[in-house]
Amino acid sequence: MNFWQDFLFKLVGGVTVTLKLLSITIPVSIILGIFIGVLRVYGGKIGVLIANFYVFIFRGFPLLVTMMIMFFGLADLGIMLEPFWAAATAIILCSSAYQSEYVKTAILSIEEGQSLAAKALGMSSFQEIVYIILPQAVRIALPGITNEILYMILYSSLAYVIGVSEIFSVAMTMNSIWFRPGEIFGTIALIYLLMTSVASFAFRKIEDKLRIPGFERIR
Amino acid sequence: MTNIQSLLKYLPFIFEGSLWSLGLVAAGLGLGFTIGIFMSLGEVYGPSYVRKLIEFYTWFFRGTPLLVQLFLFHWSIFPALGLRTSPLETSILVLGMRSGAYQSQIFRGSIKSIEEGQMLAAKALGMTTWQSAFHIILPQALRKAIPQLSNEYSIILKDSAICFILGVMEIMTRTRYVTIATGIAFIPYLIAGCLYILLTYLGAKIFDTIHARVKMQGLISG
Amino acid sequence: MKVENLRKRFGDEEVLKGISFDVMRGEVKAIMGPSGAGKSTLLKCIDLLVKPDEGRIWLEGVELTDPTVDVNKQRRKIGFVFQEFNLFHHLTAIENVMIGLRKVKKLPKDKARELAEKALLRVHIDESLWNKYPAQLSGGQKQRVAIARALAMEPSIMLYDEPTSALDPQLTGEVLQVIKELADSGMTSIIVTHEVGFALEVADELMIMVGGRIIERGRPAEVVYSPESESTKAFFRKVLRVEGTTR
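Residue numbers (this note's numbering), protein chains in the order written: chain A, 6 to 224; chain B, 59 to 280; chain C, 71 to 317.
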């Protein structure tokens with residue numbers, strides 16, 4: 006088998022694993038991020054405390070450290086996670102912490118009047134948050150959230166460190182066999198560039214679709 | 059029990075890594091700062107081919123993972139240029155180039171946020187574009203950018219952990235050695251994490267102090 | 071509605087110093103007074119958007135201030151129109167009117183739409199504006215949509231908190247016209263306003279609030295033209311000077 010055949014073959018596997026990883030981490034971290042963002046504003050004394058502590062830890066620890074803890078650290082305590090799930094959990098914990106920051110800021114930027122009007126109609130707090138506040142907050146937080154998604158695409162490469170067979174691990178394996186770093190890492194770089202460019206393009210389209218006339222003007 | 063004792067013995071070893079980590083970060087920030095300023099000026103005031111080059115540079119460094127960049131430069135690009143860099147040198151250069159891409163966007167934003175009137179007044183005094191940019195716009199833009207630089211510091215600090223992959227003796231590398239040597243993983247990594255939080259906090263405080271000092275000199279609030 | 075001895079402090083300042091009054095069904099009450107007199111706070115307390123420190127409020131026999139009462143349910147019976155409109159930015163005009171019907175009253179989509187359309191037509195908002203977003207509407211249109219939104223819930227009483235204060239003078243008339251029509255058709259209303267002419271024409275009783283207290287109340291013509299208290303006289307002197315003349 007020649008170099009490129011080997012490389013491309015392995016890459017298919019690697020890309021599949023990366024995409025699997027992303028397909029789990031992206032949706033879950035967004036939902037968790039929104040939930041925690043809401044908790045940090047509406048959670049009452051205890052909710053706010055817990056949520057803020059969560060964010061403090063998972064924004065403060067480098068993603069790498071969290072990954073090591075999820076895989077090696079938990080193993081110490083008797084919890085054996087498969088590399089894939091350890092990596093997914095670490096990415097979700099870290100990214101949701103950052104996203105909650107965007108969501109929290111977005112919620113706080115919505116003027117009180119929206120909340121008052123919702124209450125005046127007889128909405129409960131839950132209804133107010135779900136039907137009035139969040140639709141606006143998520144639109145405001147969208148640039149931040151999509152930015153986080155781009156980070157998740159790139160930092161998925163760290164999963165290599167705990168043994169997940171994603172794209173970067175393919176590069177390392179190939180390099181240890183063939184030692185052609187220029188072609189190998191160059192190609193890998195191009196793959197990531199392709200993924201982030203496609204994602205950015207998709208985000209612009211989504212932002213356009215969700216746009217509400219005059220919404221930005223009010224901010 | 060002996061495991062915990064040996065862990066305690068190794069703690070100073072881990073903490074020493076802070077010096078290396080901070081060194082990496084400071085050098086990376088510094089390099090990124092220099093690159094960022096020139097690139098941002100080029101992007102705002104330069105001709106379109108310069109802007110295209112900068113766009114490409116930014117696209118590359120923001121669109122590829124740090125891990126890939128480290129290996130690509132260390133094993134392929136630098137050797138091709140005839141540079142035999144040590145892991146530390148590569149790390150600093152890559153972190154710096156990467157940060158430069160991000161910082162150029164930060165400065166570009168803050169330069170653009172300075173009102174046009176400043177530039178007009180400078181030119182009316184007879185300054186060239188370059189002079190006005192350097193002496194009038196930039197000082198104000200930099201002051202405005204301090205909070206975002208604080209954020210950039212925090213990001214580079216966490217990214218510096220990834221440089222363990224090249225073997226730089228910073229916090230992460232040392233923590234890994236300790237986990238292998240003592241057989242415990244949870245506590246050492248927890249300690250490392252807290253160490254990073256501590257260093258982030260200290261750095262943020264320094265930036266806050268700088269921000270406050272610089273604000274007091276009666277300039278436009280940043 | 072019956073309001074009894076409403077008191078509210080914000081920090082050190084007592085903003086409402088024991089307000090009491092009754093409102094009969096179909097009655098229109100106007101409240102006027104200098105800024106900071108607590109008028110807005112009073113209305114918000116009635117709708118329990120702000121919690122009063124002391125005092126009780128009854129609506130159609132139900133005590134709103136009773137802690138065991140479900141506030142959200144009771145709020146449906148009170149329509150509130152804000153000075154800053156507070157239309158939901160992310161919804162079109164008709165969606166704004168429909169959302170209370172769908173989520174709070176749990177009506178099905180078509181029934182909600184039907185009621186929303188009726189309400190919008192009642193405030194003279196034409197079909198061509200129904201799918202516009204708030205940012206695309208003029209101030210007067212926004213406020214009328216806000217009135218429709220409150221109206222569609224079929225409230226027992228409407229509260230208007232300085233409904234025209236945020237509007238350009240040319241747009242004030244169209245909103246006041248709608249409020250007048252609603253009042254004439256029997257909608258119980260409490261209006262906080264600066265528009266003296268409007269109060270004279272539409273209100274059954276005018277109350278003057280100064281410094282957290284009601285210092286005078288009575289038929290609008292009497293209060294405006296032959297006030298009893300000195301503060302009322304001072305207030306109208308200022309208002310008259312600013313407006314130039316009452317109608």
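Warning: the hint list may mix true and false statements.
Computed, partial: chain A to chain C, Cβ under 7 angstroms [to be verified]:
1. Ala122
2. Lys124
3. Met128
4. Phe131
5. Ile137
6. Pro140
7. Ile145
8. Pro148
9. Gly149
10. Thr151
11. Gly191
12. Ile217
13. Pro218
14. Phe220
In silico DSS-like pairs for lysine-lysine, Cα to Cα no more than 30 angstroms straight-line [as the list claims (entries may be wrong)]:
15. C/Lys143 x A/Lys50
16. C/Lys72 x C/Lys179
17. B/Lys273 x B/Lys170
18. A/Lys214 x C/Lys202
19. B/Lys110 x A/Lys210
20. C/Lys176 x A/Lys214
21. A/Lys214 x C/Lys181
22. C/Lys143 x C/Lys181
23. A/Lys50 x C/Lys72
Source of the hints: derived by calculation from the structure; they are not laboratory data. Glycine is no exception: its CB is placed at the ideal position from the N, C-alpha and C atoms.
Quick rundown of the hints versus the structure:
1. Ala122: Status holds, d = 4 angstroms.
2. Lys124: Status holds, d = 6 angstroms.
3. Met128: Holds, about 6 angstroms.
4. Phe131: 10 angstroms, violated
5. Ile137: Because about 6 angstroms separates isoleucine 137 of chain A from the closest Cβ in chain C, which is inside the 7 angstroms limit, the hint holds.
6. Pro140: 5 angstroms, holds
7. Ile145: 10 angstroms, violated
8. Pro148: Constraint on proline 148 of chain A not satisfied, violated at 17 angstroms.
9. Gly149: 18 angstroms, violated
10. Thr151: Where the cut-off is 7 angstroms and the nearest Cβ of chain C is about 18 angstroms from threonine 151 of chain A, the hint is violated.
11. Gly191: 45 angstroms, violated
12. Ile217: 6 angstroms, holds
13. Pro218: 5 angstroms, holds
14. Phe220: Hint on phenylalanine 220 of chain A: holds, closest Cβ of chain C at ~6 angstroms, below 7 angstroms.
15. C/Lys143 x A/Lys50: 26 angstroms, holds
16. C/Lys72 x C/Lys179: 35 angstroms, violated
17. B/Lys273 x B/Lys170: Satisfied, since the Cα-Cα distance of roughly 19 angstroms is no more than 30 angstroms.
18. A/Lys214 x C/Lys202: 16 angstroms, holds
19. B/Lys110 x A/Lys210: This hinted pair holds, its Cα atoms lying about 23 angstroms apart.
20. C/Lys176 x A/Lys214: Satisfied, since the Cα-Cα distance of roughly 28 angstroms is no more than 30 angstroms.
21. A/Lys214 x C/Lys181: 28 angstroms, holds
22. C/Lys143 x C/Lys181: Given pair lysine 143 of chain C, lysine 181 of chain C holds - Cα atoms ~20 angstroms apart, limit 30 angstroms.
23. A/Lys50 x C/Lys72: Violated: lysine 50 of chain A and lysine 72 of chain C sit about 35 angstroms apart, past 30 angstroms.
Checked against the numbered hints listed earlier, the structure breaks hints 4, 7, 8, 9, 10, 11, 16, 23; every other hint is satisfied.
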